[in-house]
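**Student:** Residue numbers (this note's numbering), protein chains in the order written: chain A, 1 to 676; chain B, 1 to 159.
Since the hints were made in silico from the structure, they are not lab data. Heads up, a few of these hints could be off.
Covered stretches of chain B, going by a simulated chain A footprint (3 or more residues, C-beta under 8 Å) [what the hints assert, rightly or not]:
1. 14 to 25
2. 45 to 52
3. 56 to 64
4. 75 to 82
5. 102 to 110
Since the structure is predicted, the reported quantities are computational estimates derived from the model, not experimental observations. All C-beta atoms in this analysis are idealised placements derived from N, C-alpha and C, irrespective of residue type, glycine included.
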Amino acid sequence: MSKERIGVYICHCGTNIASMVDVENVAVWAKENLADDGVVVARDYKFMCSSLGQELIQDDIKEKGLTRVVVAACSPHLHEQTFRAACAKAGLNPFLCEMVSVREQVSWVHTDKAMATQKAKAMITGGVERVALHEPLEPLHVPINEATLVVGAGIAGIQAAIEIADSGFPVYLVEREPSIGGHMAQFDKTFPTLDCSACILTPKMVTAGSHPNIHLLSYSEVERVDGYVGNFTVTIRKKARYVNEDVCTGCGICIEKCPMKVIDDVFEAGLGYRKAVYRPFPQAVPKYPVIDTENCIYFQRGKCQACQIFCPTQPNSIDFEQEDELLQVDVGNIILATGYDLFDARRIPQYGYGRLANVFTSLEFERMCNASGPTNGAVRLRDGVTEPEAVAVIHCVGSRDKNYNNYCSVICCMQSLKFAHLVKERAGPNTEVYNFYIDMRTAFKDYDEFYQKVLAEGVHFVRGRVAEVTDAARLPGEEGKLIIQAEDTLIGKQRRVPVDMVILSAGLEPRHDSVEVGHQFGISCSVNGFFTEKHPKLDPVATMTEGIFIAGCAQGPKDIPASVVQGAAASARVLGRIQQKELALEPVRASVIEEKCSGCRICNTMCPFNAILFHEDQMVTEINPALCQGCGSCVAACPSGAITGTQFSDQQVLAQLEGLLMLSVNGGRVLEPEMA
Amino acid sequence: MAEQKQFEPLIIGFTCNWCSYRAADLAGMSRKKYPPNVRLIRLMCSGRLDPAFVLKALQGGADGVLITGCHPGECHYLEQNYKAYRRYVLLKRMLKQFGVEPERVKLIWASAAEGVRLAEEITKMVEEVRALGPLNWPGVAAANGDRLIHLTEKEEVAA
Numbered sequence: 001m002s003k004e005r006i007g008v009y010i011c012h013c014g015t016n017i018a019s020m021v022d023v024e025n026v027a028v029w030a031k032e033n034l035a036d037d038g039v040v041v042a043r044d045y046k047f048m049c050s051s052l053g054q055e056l057i058q059d060d061i062k063e064k065g066l067t068r069v070v071v072a073a074c075s076p077h078l079h080e081q082t083f084r085a086a087c088a089k090a091g092l093n094p095f096l097c098e099m100v101s102v103r104e105q106v107s108w109v110h111t112d113k114a115m116a117t118q119k120a121k122a123m124i125t126g127g128v129e130r131v132a133l134h135e136p137l138e139p140l141h142v143p144i145n146e147a148t149l150v151v152g153a154g155i156a157g158i159q160a161a162i163e164i165a166d167s168g169f170p171v172y173l174v175e176r177e178p179s180i181g182g183h184m185a186q187f188d189k190t191f192p193t194l195d196c197s198a199c200i201l202t203p204k205m206v207t208a209g210s211h212p213n214i215h216l217l218s219y220s221e222v223e224r225v226d227g228y229v230g231n232f233t234v235t236i237r238k239k240a241r242y243v244n245e246d247v248c249t250g251c252g253i254c255i256e257k258c259p260m261k262v263i264d265d266v267f268e269a270g271l272g273y274r275k276a277v278y279r280p281f282p283q284a285v286p287k288y289p290v291i292d293t294e295n296c297i298y299f300q301r302g303k304c305q306a307c308q309i310f311c312p313t314q315p316n317s318i319d320f321e322q323e324d325e326l327l328q329v330d331v332g333n334i335i336l337a338t339g340y341d342l343f344d345a346r347r348i349p350q351y352g353y354g355r356l357a358n359v360f361t362s363l364e365f366e367r368m369c370n371a372s373g374p375t376n377g378a379v380r381l382r383d384g385v386t387e388p389e390a391v392a393v394i395h396c397v398g399s400r401d402k403n404y405n406n407y408c409s410v411i412c413c414m415q416s417l418k419f420a421h422l423v424k425e426r427a428g429p430n431t432e433v434y435n436f437y438i439d440m441r442t443a444f445k446d447y448d449e450f451y452q453k454v455l456a457e458g459v460h461f462v463r464g465r466v467a468e469v470t471d472a473a474r475l476p477g478e479e480g481k482l483i484i485q486a487e488d489t490l491i492g493k494q495r496r497v498p499v500d501m502v503i504l505s506a507g508l509e510p511r512h513d514s515v516e517v518g519h520q521f522g523i524s525c526s527v528n529g530f531f532t533e534k535h536p537k538l539d540p541v542a543t544m545t546e547g548i549f550i551a552g553c554a555q556g557p558k559d560i561p562a563s564v565v566q567g568a569a570a571s572a573r574v575l576g577r578i579q580q581k582e583l584a585l586e587p588v589r590a591s592v593i594e595e596k597c598s599g600c601r602i603c604n605t606m607c608p609f610n611a612i613l614f615h616e617d618q619m620v621t622e623i624n625p626a627l628c629q630g631c632g633s634c635v636a637a638c639p640s641g642a643i644t645g646t647q648f649s650d651q652q653v654l655a656q657l658e659g660l661l662m663l664s665v666n667g668g669r670v671l672e673p674e675m676a
Numbered sequence: 001m002a003e004q005k006q007f008e009p010l011i012i013g014f015t016c017n018w019c020s021y022r023a024a025d026l027a028g029m030s031r032k033k034y035p036p037n038v039r040l041i042r043l044m045c046s047g048r049l050d051p052a053f054v055l056k057a058l059q060g061g062a063d064g065v066l067i068t069g070c071h072p073g074e075c076h077y078l079e080q081n082y083k084a085y086r087r088y089v090l091l092k093r094m095l096k097q098f099g100v101e102p103e104r105v106k107l108i109w110a111s112a113a114e115g116v117r118l119a120e121e122i123t124k125m126v127e128e129v130r131a132l133g134p135l136n137w138p139g140v141a142a143a144n145g146d147r148l149i150h151l152t153e154k155e156e157v158a159a
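Based on the sequences and whatever the hints tell you, model everything.
**Tutor:** Below, the structure is given as structure tokens:
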């Protein structure tokens, strides 16, 4: 007989568990069969995590004098804290509660109810055997570093950084490109209000660039992340700009004098030019230019130096000898707002992008409409002078398509409506605009009103996926035009629409390096490649890794308002943590039983955190609990069994193992219960 | 319940708290189905896996043991999965000398995002062990009908 008094609680989780596991039967079985192991009460309940479910446990702890609790419900990563807190409220040490994941590991993944029920019983037996050997523990308290790292300075990252900085805490804002602003800085108008993107974004950029609490690291990338929540150490590579930021005034004379013109593939989306020394756009923050060494005449051929010769500052701001700098910063929390990549429309060859001159991507059209863009805001064909008479906008390019991406890119409908409006506005109301769509998705505030407005402007809408964009004329009136071949599903007929210009509303994709970035920060990506949030509905900005938050399109496609909301939400989560000042860590630590240590030093090389010390004088090893991270590698390595790990001791693991082995897969006992 | 149509192997899986346990969570959340023959134990790291745990599992009635950890280079504790790998290689050699088919013990890497992959690997392993048949190791309690072992008392196993 076990000396412990154990309560077992089985959750139905509505029907999530109860539909595949015979929960009532499990409860009755546990009470009868695990009595020798110390189980004094076993109950099932509809929702164990509800306040009534928790009260059930608390009442039993008080009335029946339970000393251990096993909750068979969802994954401990979801509700371990809930049930530990419930136990603590009733006066039981929270670490004497063990969770058994019969939802994620049983009911959701198995299809045979009898075998699933059997597995649930075995897992509960394992939990009961294990929890009997649990020890009361106290969480470890560590201070939280007040500083926060925000990676990516698009609108989501900027919003997050400003919110935290305004609350009086330091922020390191890291941006890969020479200027902050992200994709939003490239746009002209924003839907549905049609306010100018630059007018609403640049004030925020200036605030982020000049805020006393924001340390802006543009043209920089995170190299390495060490540590854990509250105490991360991040190594950042500040790429060489070849411009000394301490003396440069941002006057722009170097840019003016630079003789080398190159196509700007990044900011101007290939439509415009920039110099070899450049800033992406006039309102760039920070204002310092960058030298692009691949195109700089001096870096390639050793001559020129025009920028240096004409630089008016004393001392000269141009520094050809500058090297990448590695900075180390200590932060408590990290927000990832790394944004998206645009779907490469070349991947759909039948739409002709890259082959047919007058097929444009959405980003190219955004730049074209921008007053400071390559055409100063005029809508022109690729030749730069001709105004189109008819324009087609193709929705869902690379989205909702099983050949490319299954998901909806969220913004394309509204973006395409905006394009239709802009064509009418810039090229005149007589320009014909055809929007080819699959479904019109104009959810959210004022979006459908915008759709109605564009309809009233006389834009044509054709419901059907475009099969092809071609320049091969077949019918009179098609010569010299681009012909859109599409099925109009509302009238059930094929249509050929001749136009002068085609805009492909390309979808949003995860950053090409999102998997590597995820690995670097210890978070995972979903099947589509966007970062996975802790809970899709109830915790959309936190991740499974404590202290790492996500915001904006890095989490999934979304528009500007939603990105701002997520940036603000992530900052609120971070501020909540900083305000706590300390963090309770799982007390999972290893320690040495001195009398058993033979001084063999096998464990000494095991620890990557340098937590293991060897005392030469006494010939024993000691573990520093402040440095120990609790991986348990030394526990496994010790040949004398002299190292023990709290919460994961050999005895606890083996007890759970024994419990798991007690029942066979399809009925009957494998092991006889222990004869006490 | 007692009627047995085919042999149902019992497999114990050791998972890492940071990757493969979360992969199992993800498999559940994605409703990815796999056979119920695997029962998982959570460790903080694959580096915590004492090879003795594997031997105890086989001795105690398991027909196979699945060891899972973070991919090389992605260990939450920097490099402890490499230690798990070294121990695994030696353990496989030792099992052969004991007369146990080394295929009964398998190590796979599964990140927190690889729920579907983990489920597929589990399905594969269950079929492999099913093909091998029950483990007839002289130490197995079930084979003799006696209770032979007291797993919880850690014996002085030189592992």
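**Student:** Each hint: holds or not?
**Tutor:** Hints, one by one, checked against the model:
1. Counting residues of the stretch 14 to 25 of chain B whose beta carbon lies closer than 8 Å to any beta carbon of chain A gives 5, which meets the minimum of three for the stated coverage.
2. For the stretch 45 to 52 of chain B, the stated coverage by chain A is satisfied: 7 residues place a CB nearer than 8 Å to a CB of that chain, which reaches the threshold of 3.
3. Residue count for the stretch 56 to 64 of chain B with a Cβ under 8 Å from a Cβ of chain A: 5. That meets the three needed, and the coverage hint holds.
4. Residues of the stretch 75 to 82 of chain B lying with their CB closer than 8 Å to a CB of chain A number 5, which satisfies the three-residue condition for coverage.
5. Taking a C-beta to C-beta cut-off of 8 Å, the stretch 102 to 110 of chain B contributes 0 residues in contact with chain A, too few for the three needed, and the coverage statement is violated.
Violated hints amount to a single one, hint 5; each of the other numbered hints is respected by the structure.
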